Each structure stands twice: as structure tokens, then as C-alpha cells.
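Student: Chains as they are written, first to last, in numbering that gives the first Met the number 0: chain A, 0 to 471; chain B, 0 to 273.
Don't read these hints as lab results, they were simulated from the structure.
A couple of the hints might just be wrong.
Computed cross-link-like contacts, BS3-like style, restricted to lysine-lysine with a CA-CA straight-line distance of at most 30 Å [what the hints assert, rightly or not]: (1) 313(A) x 269(A); (2) 226(A) x 54(B); (3) 54(B) x 292(A); (4) 292(A) x 269(A); (5) 154(B) x 313(A); (6) 167(B) x 280(A); (7) 154(B) x 266(A); (8) 266(B) x 154(B); (9) 266(B) x 222(B); (10) 54(B) x 154(B); (11) 222(B) x 226(A).
Distance windows between CB atoms, simulated [as the list claims (entries may be wrong)]: (12) 163(B) x 453(A): 55 to 63 Å; (13) 423(A) x 97(B): 39 to 47 Å; (14) 420(A) x 131(B): 24 to 32 Å; (15) 36(B) x 236(A): 20 to 28 Å; (16) 292(A) x 38(B): 48 to 56 Å; (17) 420(A) x 132(B): 24 to 32 Å.
Residues from chain A that keep clear of chain B, each with C-beta distances beyond 10 Å, as calculated [what the hints assert, rightly or not]: (18) 235; (19) 248; (20) 256; (21) 284; (22) 301; (23) 302; (24) 418; (25) 424; (26) 427; (27) 428; (28) 431; (29) 445; (30) 448; (31) 456.
This one's a predicted model, so the numbers in the text were calculated from it and none came from an experiment.
For glycine and all other residues, C-beta sits at the position ideal for the given N, C-alpha and C.
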Amino acid sequence: MGSEILFNYAFGMIIAELMRRLLDTGMNDAAQLMIIREKEKLKTLHRDTLGQLYLGRRTDVVVSCDDDLKALCRFMLRLGLGIDAPTESSFEAIQGPISDKSVQNLADTAIQVATHTNKTIDMRIPHRQMMAWPESSAGAISSGDAINCRPVYGCGQSAQSLARLFWSRDFIDARNGLEKRTCIILMINDPAVQECLDCLDDRQKEEILTAAERHGRAVMPDNPGPKQVFLPVMGDNGDINDYLLVSPVLPLALVEEFYDAVHTFHKRHKAKSEDQNFRLKTPDAFVHVGGTKPQNIGDLFSSLAGRIRCLEAKIPHRGGKASLAERVEKGFDLVCLSPKLNQEAQWINRSLKHKNQLKSYTGAFSCFLFESFRLIRVYRAQRSNALLGISNEQALPLPKPGTALSEMARTMLTQTRLDADDVARFTEAMMNGIQKQAMPNTPLTENHTKIMRPAIEAELRKWGNKPGGSYQ
Amino acid sequence: MTIDFTAIDFNASGNLLVLGYPPLTGIDGLVHCIERDTGIRVIGWALGVRSLDLKNGHMKPVNYEHRHKSKHADTPYIRDRRSATLTGNLLIQISDNDLPDDICESLEDRIESLRFCGGNIRLGESGVSLWHTTYDALRLIAVSHEQSPFFLEDKSQLLDEAPAGLSKTEWLMDLTAGPYRNEDGDFVYAHGQDFLGYLIPTINGYQLLEEPREREELRNEYKHAHGEATIGLGRLRSLGSLMTHWNEATDNGVEIYWFGSFGPDPKTWRLLTF
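Next comes chain B alone, as it looks inside the complex (with noise of 0.2 Å):
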């Protein structure tokens, strides 16, 4: 399922680290409610953007309200809101049993009362369609648009990889700072590896700070736990690059497919790619 999509003034900033490219984790969300609207089961979803507008920071305006009338008169916090207009093509892998057969025309209908990211999101040319194949599906995006789309492809496993008196945070500065061409005309790193692509940083999963625990005014009954946001790593792949190796026949190639899910460690939840 490919959706044609346009998001206005999403939220760029996920933990107020990363700016920029939307926080995984909130796509994710987008998907899951996509997934409880339709009735449809979700396997994977990747998003291939287009264009993406940083917009400059803002005042967020506060929720503010004298509780307290005392001699000390409160002010109002001062925040930037970094926002993005994105568009682009969220693909979703979706499983092929019990599919409604106005599952396009119903997905139309709701997509827009949905929010990516806290942005708006209004519906493109090509709206929601079908394919059997990802191939085909990258074939219409290939055709449909003017600007071809870049695909988020999981690289976080880099961050282990780091040399010996690098710590993990400066070695992911090294890496998204960009290639640079060496004396023998190579793009390399900083530290001389070889090039493995545009790389970004992303916001990945959470990591939770404590042990779930029962509590009073939550938003439902289930458990609850304060965590962070965990900073991830990812490659952008152009759609030309994707396509190059893709496999037609096997319909795989690379794997640009996100899923979420608590790890090994129970106190980790985070989104990988298959």
C-alpha cells in the first residue's frame, strides 16, 4: 500500500536532539493508528521523502494560567517549536488476509483526521492505491512524482563499531559530518572508512528508565514508565539506488521495511529494519 502524503508542520525535533528528518517513533505511531482504523495487520512501513522544509524556530505558545495569586508572579516558559513540512510516500506492507475491499477509499476518507508527527497531513495527487509488489509500488512512485524520494535503510549497528578512543557519541558526529574526498580521490570518513552512504541520525526507540509500574491518572489502564528516546542511526537511500538492487523476482533487495517491538531487553523498545 503506497500513500501519496504531504505533512504540514510536524513536529522536526523528537527529542529536542535530532532536528530534522521525522522521529521514527512517531511514523510509527501514524502507522499503528492506521492499523486500528482499518482493521488492516501491518508487517512494515517505510517512508520515502521527497522534500522536506525546516522551518526556523518559533515560540511555542504555553498553557499558562495563574493558579497561585501571589507577590511572585509567574511567567510563561519560552520554547522554540522547530516544525517541517514534508512530502512524500509512506509505504505499508500489510498482510493480505481478511482485506476490506474498500480498504483504499476508506483509508482516503480518514487519512487526513490522522497527525504525523503533531503535523496535519493532507492527502497527494496519487492518494492511497495497491500493489502486490514493492517493486511496483517503487515503479509508480518512480513515475508519479517529479522528485524521487529518499528511503530510510537502518544502519545502527554502525554505532558498535566505533574505533578504539572514540566514544559512541563522537562517533556519530564523525559519521553524519559526511564523506570527504581523500588524496586518492575516495570519499572516506573522517577516520578513513570507507563510505557507507548518506548518513543520518534518527530517533530509533525508546529506552526505559525504570521498571513498568501501575500508576494513577494515566491515560489507560496499562502499565507505565518514563524512558528516553534512543539515537539511532540510518542511510538514505535514493530511489535509484533502492531500485538498482532490488530484486524483482524475490521482490527484495534492500531492507527499508521499519517494525517496532521490544528487543532481548526488556527495558528496549526499538524499530528495526527487515
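Same shape as in the complex, but just chain A (with noise of 0.2 Å):
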């Protein structure tokens, strides 16, 4: 008996779920859009027709149902819509006989109905479905923010043989914070549900009692898959001290709303998409799933073509691989420097426009900067180094012993502060380095050292003038 409710129920969601459509395309008489009936030679409503009516693609079916169901679905329009049970009127177009098989039928739609699937793929774990209708967050899209978030029949279990191995499981949920399939098992402690229990006679407030008893552990899975994440728990101390584990799922809301999100989006900016600096782009990036037969997997990806449009999410395109130093023309990376450096890049390309002149000037220039910084950042990884305690001899090259560029190095590292001295000697010594490693094929004329000396001097002035040496 139990099970029969169950079926009694599952046809009161989809009744529920007809009904809040209609409702929500503004016809307060729900039973006005149910009118049309079927063909009195299909008492027996096929599962497919079922679904169609389900999906809103058939509108000359009319369900009907018994008088003990009525109260069922008043029952669950009551749940499920948040408003008071429609008066007798409202089922005038949904009475009439309506047989066992049709019933299963109906039960076996609702089954299949589904908001979220399991990403995991494991063939060895069992069926499920899973209804959930997760609150809107701030700060975060989630399948509750989805327009139309409704549960999408068929994605699994019409081909069920296939679609086990694809979807490993779904699982069915209920909305409003009930967590059963059955809806019944939560609803019961609601005070709502509790007065329309009380609506109903003895004998199916006890037989909803029982089903939920029985039923109710049964939905959920008691395996829940190989993927499972561990999120951190933080304690009142910052610390973590415990963890609790994820199934992610994919909701299926999401997923038809992206679909549908860029025929949308160039609705609404039809007038815009004749200007022609009117150039966005929108999401053209697909995860193809099924294969070439989608229609195996389920309705919604057989609707969808087998494909999960995606928002693309990717950095800046910079032109390709260019060198430093024509990014260096370009004013890219400078930006990352000192702004005294930035200033002077800007200068050589405004003073400098011979374009040869300007390879050659530009590519010294470039050359200097990663030759200082990069000096400057061994000397100052060194001095982290020794200040943290770690050993020199796996760090950072330092040059050759015997040079002035070593001599420089050491006395960096041992001193605090460097002398006028020591500034003038060290740049001296660095523009050499820098045009021997460099640039050995072109000597320094008046205009590098123009804009080189001043510039690593000042960075020289920088380093040693901070509190502590180099590194602060």
C-alpha cells in the first residue's frame, strides 16, 4: 500500500510541478490551460506522452485522475506551491478514470525527474536521482539562481541501461529544504504538512505514515561514490580540525540555462549588434558528452544535442610570444617597473624614430633592466637567504669570483648600507657587466649611459638606503 502512495505522490509532483507553470504564466485558473483531452483510445497514458506534457511540448493531453488522488494532489499543490488548496472547481478538467499502469507511468516519470546528477562516472554504483533545490547565496550562481529552475525529466533512467554508466547516479531531493524523494518524510514534521495531514482521513494520514517510514531511508544512496572531496573545517582558533566530505553534482539547471543563456543574450542586445564596436563575446566553448548518441543519456542532453555549453574563462590574449624587448617598445611590461623606468621607456619611444635605432636602443634597454633586476634579485635572495638561515650553496648563481660584479655581490651581502663610494663603483661595475653579457657587440655610447647610470644608481640608493639592508 505504501508503494501506491508513493506512486499517488509521484503524480501529485508532476500535477504540482503543471500546475506552478501554469501558474507562473499567468493564469490563475490553472484548470483553464488543461482542457484539452486526449483521445478517449489512450486511456493509458504512455510514459514518453507522460514526459512530453511533462517538458511542456504537449498541450492536447489531460490528465486525469480518482477521487483518492485528488486529495493527494491538493495535498501536494498545497506543499509544493506555498497556497492554499485549490477549490473543487480547479479539478473539474483533471477528473476521470484513470488506470493502474497510468499511474506507474506517471510514478516512473517522476522518478526520472531529476535537478542534479553526479559528475563522477562509476558504472558499478547503483541508480539514483536526486531533486534538490538549493537556496540563492549571495556572492555565488548556483542552480537556485536558474530562471527556470524546475526538475528536467529523462535525464537517465529512460535509458537506463546506458545511462547508469553515464550518469552513475541520480538522486531526487525536495524542494523548500525537504531532503526526501518522498517529501513525505520531512514534510511531516512542518506544521504545514501537519495541517493538511490532518485534512485527510485516518487511513491515508496512516498510510503516508507508513510509506514514509518505509520508503524514506531508501532514497538516499548509502554509498556515495568515489568522488568525494574533503573541505577543511576551521575551529574558534583558526586551526582546522576537522573535515567534512563533498559529492559535487552537476546541476542540470545550470546547465539548460547556459544553453539557452546566448540565444538570450543576443535577444537582448538585438539593437546593439548592428555598432560595430558593439563586439562581446559570448560563451562558445562546449563539453560534448554522449558521443554521437546523445539521445542515449537522457532527454535534456538529447534536447541539448549532447552538448554543455560552457563560460569560457581566460586570461588576455598579449600577441603571441613577443620579446622583451618588443614589449618593452610596446610599454607592456613597464608598467611592472619603477616609475621613473616607465617614464624614461615612454621617452625613447617618443625621442627615438629611426625604427633601427629604435630595435637597437630598445633591445639595450631591455637588456639593462633584466640584467640589474636581475642582479639585484640575486643579491637580494642571498640576503634573504642568510637572514632566513639557509645555506648559499643551493641558491641563487652569484658571478664569477674575481670580478668587480662579485666583489659587489659580497659586499651587498655583508653590508647594511652602501657608501656614495660604493654606489658609483657598483654601477660602473654592473654597466660593464651588462655590456660585456649583454650587449659584447656594441659598445655603451652617450645615450645608454645617459639613461643607465642614473637609473641603477638610483636603484643602487634604493637598496642600500632601506631600514635593514636590501630586504625589508
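Join the two chains, each given in its own frame, into one complex according to the hints.
Tutor: Structure representation (C-alpha cells):
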């Protein structure tokens, strides 16, 4: 008897969903749209017909039920829609006999309805469904924010032999914080549910309670699947004292929403589409599912042609692999450096108009920047390692011993402050080193020294004047 | 602490809805692995992406076996796996308390055995280095690599400021579609909003679909719940933009460090910047 209650409940869920959708269209009297009767020869509604009816693709079908089911429908409407139980006149269009097979088909249809499927694929896990209606939260988008947040029909079990390979499990939950597929389980603790239950006679109430107790525990899977993510739970002192395991599932409502989002996007900005400046990028990336037979993994992916549209998150395109000199020429990366150097680079771009001259000069300038900052980086790293007690043997390489640069490195490592003589001496050493390493065939010109010398001196002075040496 | 690395063939689609930039939840998992392996205490992390190459989808092999010998032959499922390769710098802000002496060396030995969103990790030339301030670390990155990285700043609060008549998903679509030049020559978004930077969608946490409960066959004896990954919004900040707005004295400027925790809502685990 309990299973019949569940079937009845499934039928009630479909009726409730249909009525909710009709109410969303502005029809206050939901019965008005359910006036077209199916031909009498189709007394037993086929499951596919019910699925199409559920998806809104068929409007020439009327759903009828007997009196016993009517009370349950009213019960479900009260819970699912949050409205008072409709009057008797609202059920006029859905009255009539219905066979047991139709009820079973309706129940099967409702069982196939899901809002979430498990992303992890493991064919060894039994097939489940889940219907969850998470609430919208601030600062993020979840399936609770979908416009047409509704359950999806046929996301697996309609092609069960194949779908169970793809969607390892589906789950059914209920909306509004109700946890079980049957809704009855947790609804019982709801005052509104108690109120509705009191309206039923004792026999129906007992059946519902019995069914809730019998079927409630079996809905949620005992095996959560292989995909389990550890989420650390912080204690009061900020330490991690516990973990929570989470199995991610795929929100089908958002899948459907994003698939239609591009069409709605172009529809919303139709007036601007003729503007040449209006070149907005719309997501055009897909994850293909189901191979060449997406119809085998459910009605949703069949309607989406087996494509899940993804939002693209890319970093900006920077014109390929440009060399440092070219990017210095464009002034792209110079903003990373000090404002003074950026200003000088812009001065170079403005003053040197000849192309060859510009190339050689910016090349030299970029080499200067790279080398000087690399050297300073080496010394800073060495000093930071020394401060942290890390051995310098495995640290960044130093210049060859016996040269001016090695002397400079040793001085910068040992001294916390550079004198004016040191600055001048090291500037000369660095310029010679740069000239030898970066530009061995090009002697330094006056323009080179004009820019390089004050920049290096400023950098060294800045280094030496900081409290505690180079490392702050 | 900075880690110069390359992540090879990581899973670029976190919840099959956002593709490209690695899901922040996966990076947080890597950082947490580092935290557990080395014994350091992580305050927050920031990822600078220098290059991101998204590959075409390819069929993912399935662990397929015939369990039931029946007349209905089972067919393996087919799904594209979108992977990408990333080169970048991972900045980890750590506590100075009880810092091991050989932290850099031990982490360099250990890091390549960890996984980055399901992908392999190869250490870069700069390796692992310690810095006292973020500004020094950023300067090291600026002079060490030819391509300057992009860091991500949390802008998820913009999702709650959708104009009237637009849903959250439509608003997200408009923001991530990028700006365009209006008649005045200014960059504006599709609805005329001011320029807010280069915005991308990202996965910034989980939302539980049920109360945590005890189940069988779990990976450990913790509580379990089903959840779905939530989509947030982030702003890409170039290194130049970052260092321009960085205050060297206070070592603070742009909120790029991420940290994940349960919020006031016990059903929401969210990554936020500070």
C-alpha cells in the first residue's frame, strides 16, 4: 500500500509542477489550460507522452485522476506551491478514471525527474536520482539562481541500460529544504504538512506515515561514490580540526540555463548588434557528452544535442610570444617596474623615431633592465636566504669570482648600507657587466650611459637606504 | 613563498560549466596538501597565471567492465575531457611561526608529486623561494619571467548588484562578455555600467544540498554531504596593475590572497580574498 502512496505522490508532484508552470504563465485558474482532452483510445497514458507533457511539449493531453488521488494532489499543491488548496472547481478538468498502469507510468516519470546528477562516473554504483532546490546565496551562482529552476525529465533512467553508465547516480530531493524524494519524510515535521495531513482521513494519513517510514530511508544512497572532496572545517582558534566530505553533483538547471543563455543574450542586445564597436564575446565552448548518441543518456542531453555550454575563463591575449624588447617597445611590461623607468622608456619611444635605432636602443634598454634587476634579485635572494638561515650553496648563482660584480655581491651581502663611493663603483661595474653580457658587440653610447647610470644609481641607492639592508 | 611551476593537463572544467581558468577549489586543495606535507600554516594563497593553453576535448577513457552478462550489451559512456596547461607562480602567504629551515628544499622535492586540479606539476626555473613581503615576491616575478602573470581578485559581490529585470545568470553573461566602447569612447558594459576590469567566471566554492550526515563507504570517518560547485566572478589583475596599486610600506594594496572557509551559512563553503 505504501508504494501506491508513492505512486500517487509522484503523480501529485507532476500535477503540482504543471500547475506551478501554468501559474507562472499568468493563468490564475490553472484548470483553464488543461481543457484539451486526449483521445479516448489512449486511456493509458504512455510514459513518453507524460514526459512530453511534463516538458511542456504536449498541450493536447489532459491528466485525469480519481477521487483518491485528488486529495493527494491538493495536498501536494499546498506543499509544492505554497498556496492554499485549490477549490473543487479547479479539479474539474482533471477528473476521470485512470488506470493503474497510468499511475505507474506517472510514477516512473516522476522518478526520472532530477535536478542534479553526479559528475563522477562509475558504472558499479547503483542508479539514483536527486532533486534539490538550493537557495540562492550572495556572492555566487548556483542552481537556485536559475530562471527556470525546475526538475529535468529523463536525465538518465529513460535509457537506463546506457544512462547508468554515464550518470552513475541521480538523486531525488525535495524543494524548500525538504530532503527526501517522497517529501513525506520531512514534511511530516513541518507544521504546514501536519495541517494538511489533518485534512485527510485516518486511513490516508496512516498510509502516508507508513510509506514515509518504509521508503524514506532507502532513497538516499548508502554509497556516496568515489568522488569525495575534503573540505576543511576551521575551529574557533583558526586551526583545522575537522573535515567534511562533499560529493559534487552537476546542476542540470544551470546546464539548461547556460545553453539558452547565448540566445537570450543576443535577443537582449539585438539593438546593439549592428554597432561595430559592440563586439562582446559570448561563450562558445562546449563539453560534449554522449558521443554520437546523446539521446541515449536522457532527454535533456538529447535536446541539447549532447553539448554542455561552458562559460569561458581565459586570460587576455597578449599578441603571441613577443620578446622582451618588443614588449618594452610597446610599453607593456614597463609598468611593472618603477615609474621612473617607465617614464624613461616612454621618452625613448618618443625621441627615437628611426626604426633601427629604436630597435637597437630598446633592445639595449631591455637588456639593461633585465640584467640589472636580475643582479639585484640575486643579491636580495642571497641576503634573504642569509637572514632566514638558508645555506647559500643551493641558492641562486653568484657572478664569477674575481670580478667586480662578485666583489659587489659580497659587499651587498655583508653591508647593510652602501656608501656613495660604493654606489658609483658598483654602477660602473654593473654597466660594464651588462655591456659584456648583454651587448658584447655593441659599445655603450652616450645615450646608453645617460639613461643607465642614473637608473642604476637610483636603484642601488634605494637598495642601500632601506632599513636593514636590501631586505625589508 | 613563491612557487614557479607548470601544471600539465589539469582539468579545466571544474563543474562542466566554467572552462579555462583552473577552479579555485582545486588550487585550494593543492595548497592544503602543501600545508599538510610541510607543516607550515597557510594564511592565504594567490595564483598568477602567465600562460594558459586550453586543449581541445578528447574522449576520456572509462573504467568499463562487464559485470552482468546479459543479452543487452553495455556501451561505455563518452564524455570530452577538457584539459589545459598552465604556467604560473603560486604565492602562498605563510605564518612565520615554527618555519622549518629547509622548507624550500623539502617543498621542491615534494611539489612535483602533488596534483594541480588533476594535472601534473613541474617546477620552474625560479623554484621555491621565500620572501618577507609580497612586494618583493612580485618584483622577483616581474624580473624573472618574460610574461607577467595575471592574478585574480574576488568580485563576486557584483553578482548581487544585477540591474532590475536581469537574472543573476544573465548579469554574469553580460559582465563576462567584456566591455565595449560607447559613443563617448569609454569602455562600458552591455548595460552601460562603468568599466570594472577584465572579469571572468570562476568556481569559488561549494553549496551543500543537504545536511551533513554519516554514511557508509566514505574515504574517512567524516560526515558527508552532496553539494554543487558555485560560480563566482573574479577580476584579472595584471602584475603592472597590481604593483601600481601596491603600497610598499604596508605591503598591501589589492586583495589577491584567497582563503576558503564555511561562512555564516553552514551550507556554504566559499573562497574569499583578503
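Student: Compare the structure with each hint and give your call.
Tutor: Against the structure, the hints come out as follows:
Taking the CA atoms of residue 313(A) and residue 269(A), the gap is near 25 Å; set against the 30 Å cutoff, the hint holds. A C-alpha spacing of about 24 Å is found between residue 226(A) and residue 54(B), which places the hinted pair at or below 30 Å, so the restraint holds. A hinted pair counts as satisfied when its Cα atoms are at most 30 Å apart, and residue 54(B) with residue 292(A) qualifies at roughly 23 Å. Pair hint residue 292(A) plus residue 269(A) does not hold up; C-alpha atoms about 34 Å apart against a cutoff of 30 Å.
Only pairs whose Cα atoms come within 30 Å are accepted, and residue 154(B) paired with residue 313(A) is accepted, the gap being roughly 16 Å. Pair hint residue 167(B) plus residue 280(A) holds up; C-alpha atoms about 18 Å apart against a cutoff of 30 Å. The suggested pairing of residue 154(B) with residue 266(A) holds, with an alpha-carbon distance near 26 Å, which does not exceed 30 Å. This hinted pair checks out: residue 266(B) and residue 154(B) have alpha carbons roughly 21 Å apart, not beyond 30 Å.
Taking the CA atoms of residue 266(B) and residue 222(B), the gap is about 13 Å. The hint holds against a cut of 30 Å. For a cut-off of 30 Å, the pair hint linking residue 54(B) to residue 154(B) stands: about 27 Å separates their Cα positions. Between residue 222(B) and residue 226(A) the CA atoms are separated by roughly 14 Å; this keeps the pair inside 30 Å, and the hint holds. Between residue 163(B) and residue 453(A) the beta carbons are some 56 Å apart, a value that agrees with the proposed interval 55 to 63 Å.
Taking 39 to 47 Å as the suggested C-beta distance range, the pair residue 423(A) and residue 97(B) conforms, at roughly 44 Å. Checking the proposed 24 to 32 Å range against residue 420(A) and residue 131(B) shows it holds: the Cβ atoms sit about 29 Å from each other. The given range of 20 to 28 Å is respected by residue 36(B) and residue 236(A), whose C-beta atoms sit roughly 22 Å from each other. For residue 292(A) paired with residue 38(B), a C-beta distance near 51 Å keeps the hint of 48 to 56 Å intact.
For residue 420(A) paired with residue 132(B), a C-beta distance near 29 Å keeps the hint of 24 to 32 Å intact. Chain B leaves residue 235(A) outside its interface by the beta-carbon criterion, the shortest separation being 12 Å against a cut-off of 10 Å. A beta-carbon of chain B is positioned within 10 Å of the beta-carbon of residue 248(A); the least distance is around 6 Å. With a minimum CB-CB distance of about 5 Å to chain B, residue 256(A) fails to clear the 10 Å threshold, and the non-interface call is violated.
Once the 10 Å rule is applied to beta carbons, residue 284(A) is inconsistent with being away from chain B; the minimum gap is 5 Å. No beta-carbon of chain B comes within 10 Å of the beta-carbon of residue 301(A); the shortest separation is about 14 Å. No Cβ of chain B approaches the Cβ of residue 302(A) within 10 Å, the least distance being about 17 Å, so the stated non-interface status holds. The non-interface label for residue 418(A) is consistent with chain B: the shortest C-beta to C-beta separation is roughly 24 Å, beyond 10 Å.
The beta carbon of residue 424(A) is kept farther than 10 Å from every beta carbon of chain B, the shortest such distance being approximately 23 Å. Every CB of chain B lies more than 10 Å from the CB of residue 427(A), the least distance being 21 Å, so the non-interface label holds. With 10 Å as the threshold on Cβ separation, the claim that residue 428(A) sits away from chain B holds: the shortest Cβ distance comes to roughly 19 Å. Separation of residue 431(A) from chain B is adequate, the least Cβ-Cβ distance of about 20 Å exceeding the 10 Å criterion.
With 10 Å as the threshold on Cβ separation, the claim that residue 445(A) sits away from chain B holds: the shortest Cβ distance comes to roughly 26 Å. Separation of residue 448(A) from chain B is adequate, the least Cβ-Cβ distance of about 22 Å exceeding the 10 Å criterion. The claim that residue 456(A) is not at the interface with chain B holds, since no C-beta of that chain comes within 10 Å of its own (minimum 18 Å).
The structure does not agree with the numbered hints 4, 19, 20, 21 stated previously, though it agrees with the rest.
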